[in-house]
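Colleague: Sequence:
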Amino acid sequence: MLSFLLMNMEDAAGALAHPHLDQLGSQQAIIQTAEDLKREFLAAFGDPDATRAAEHNITTLSQTSTCAKYFTKFCTLAIELDWNNAALCSQFAQGLHWEVSRQIATCEWQPTTILELQNAALIIENALQEEHTSHLPKGNKSGPSNTTPNREASTSQQATRLG
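Under full-length UniProt numbering, the first residue of the sequence shown carries the number 1, and numbering increases by one thereafter.
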């Protein structure tokens with residue numbers, strides 16, 4: 001999980017995280033656990049009221065892009081909190097795109113950990129993306145088209161795509 005978080009950080013957090021990626025797994029690594037990651041980021045970006053800020057941010061967080069980006073933001077906030085697995089799973093599911101959340105709710109097997117929930121969400125998101133792509137007119141699947149696409153159809157298809 002540490003390598004996933006470090007690899008997907010952007011902007012100032014990415015600038016701090018990326019040098020640690022090279023050392024990850026070695027004995028010289030400063031960041032070897034989630035607590036180490038938390039300590040380093042607090043030292044760099046510390047918020048005196050981090051727990052309250054994290055609680056607010058995680059409860060207002062929703063998937064507006066890919067599931068992987070949502071999970072990265074979610075885990076970054078979750079590190080600040082002392083929440084149990086059930087609370088984290090519930091909050092993660094609440095912020096998922098409605099199509100992904102609906103598909104998870106209808107699955108026979110239900111994820112019981114945050115990582116299982118993340119994996120299920122990624123699989124479902126990929127399947128939904130493939131389904132949406134397969135319903136595009138043939139000229140829109142790959143490369144530019146010589147015909148002008150139907151603007152109304154194009155807009156409605158974009159509106160139904162995930163995040």
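If you're looking for bench data, these hints aren't it; they were derived computationally from the structure.
Check the hints yourself; a few may be wrong.
[Unchecked claim] In silico SDA-like pairs for lysine to any residue, Cα to Cα no more than 20 Å straight-line:
#1 69 x 55
#2 69 x 25
#3 69 x 98
#4 38 x 83
#5 38 x 20
#6 69 x 88
#7 38 x 66
#8 38 x 104
#9 69 x 13
#10 38 x 98
#11 69 x 127
#12 38 x 25
#13 69 x 90
#14 38 x 27
#15 38 x 49
#16 38 x 8
#17 69 x 27
#18 38 x 14
#19 69 x 128
#20 69 x 113
#21 38 x 84
Colleague: Take the hints in turn and mark each one as holding or not.
Modeller: Against the structure, the hints:
A threshold of 20 Å between alpha carbons decides the hint, and for residue 69 with residue 55 the separation of about 19 Å falls inside it, so the pair holds. Using a Cα cut-off of 20 Å, the hinted pair residue 69 and residue 25 is violated, with the two alpha carbons roughly 24 Å apart. Annotation: proposed proximity of residue 69 to residue 98 holds, straight-line Cα distance about 16 Å (limit 20 Å). For a cut-off of 20 Å, the pair hint linking residue 38 to residue 83 stands: about 15 Å separates their Cα positions.
For the proposed pair residue 38 and residue 20, the alpha carbon gap of about 13 Å is at most 20 Å, so the pair holds. Pair hint residue 69 plus residue 88 holds up; C-alpha atoms about 16 Å apart against a cutoff of 20 Å. Of the pairs offered as hints, the one joining residue 38 and residue 66 is violated, with about 24 Å between alpha carbons and a cut-off of 20 Å exceeded. For the hint pairing residue 38 with residue 104, the CA-to-CA distance comes to about 30 Å; that exceeds 20 Å, so the pair is violated.
Restraint check: the Cα-Cα separation between residue 69 and residue 13 comes to about 14 Å, which is no more than 20 Å; the hinted pair holds. About 31 Å separates the Cα atoms of residue 38 and residue 98, which puts this hinted pair outside 20 Å; it is violated. In summary, the hint linking residue 69 to residue 127 is supported, as the alpha carbons are separated by about 17 Å, within the 20 Å threshold. Between residue 38 and residue 25, the direct Cα distance comes to roughly 17 Å. Compliance with the 20 Å bound is thereby established for this hinted pair.
Proposed proximity of residue 69 and residue 90 is supported: the alpha carbons are some 18 Å apart, at most 20 Å. With a C-alpha separation of about 19 Å, the suggested pair residue 38 and residue 27 falls inside the 20 Å cut-off, and the hint holds. With a C-alpha separation of about 14 Å, the suggested pairing of residue 38 with residue 49 holds against the 20 Å cut-off. With a C-alpha separation of about 16 Å, the suggested pairing of residue 38 with residue 8 holds against the 20 Å cut-off.
Restraint check for residue 69 and residue 27: not satisfied, since their Cα atoms lie roughly 29 Å apart, outside the 20 Å limit. Among the hinted pairs, residue 38 with residue 14 is consistent with the structure: their alpha-carbon atoms are about 14 Å apart, no more than 20 Å. Of the pairs offered as hints, the one joining residue 69 and residue 128 holds, with about 17 Å between alpha carbons and a cut-off of 20 Å not exceeded. At most 20 Å may separate the alpha-carbon atoms for a hinted pair to count; residue 69 and residue 113 meet this at roughly 18 Å.
Between residue 38 and residue 84 the CA atoms are separated by roughly 17 Å; this keeps the pair inside 20 Å, and the hint holds.
Consistency with the previously given hints fails for numbers 2, 7, 8, 10, 17, ordered from lowest to highest.
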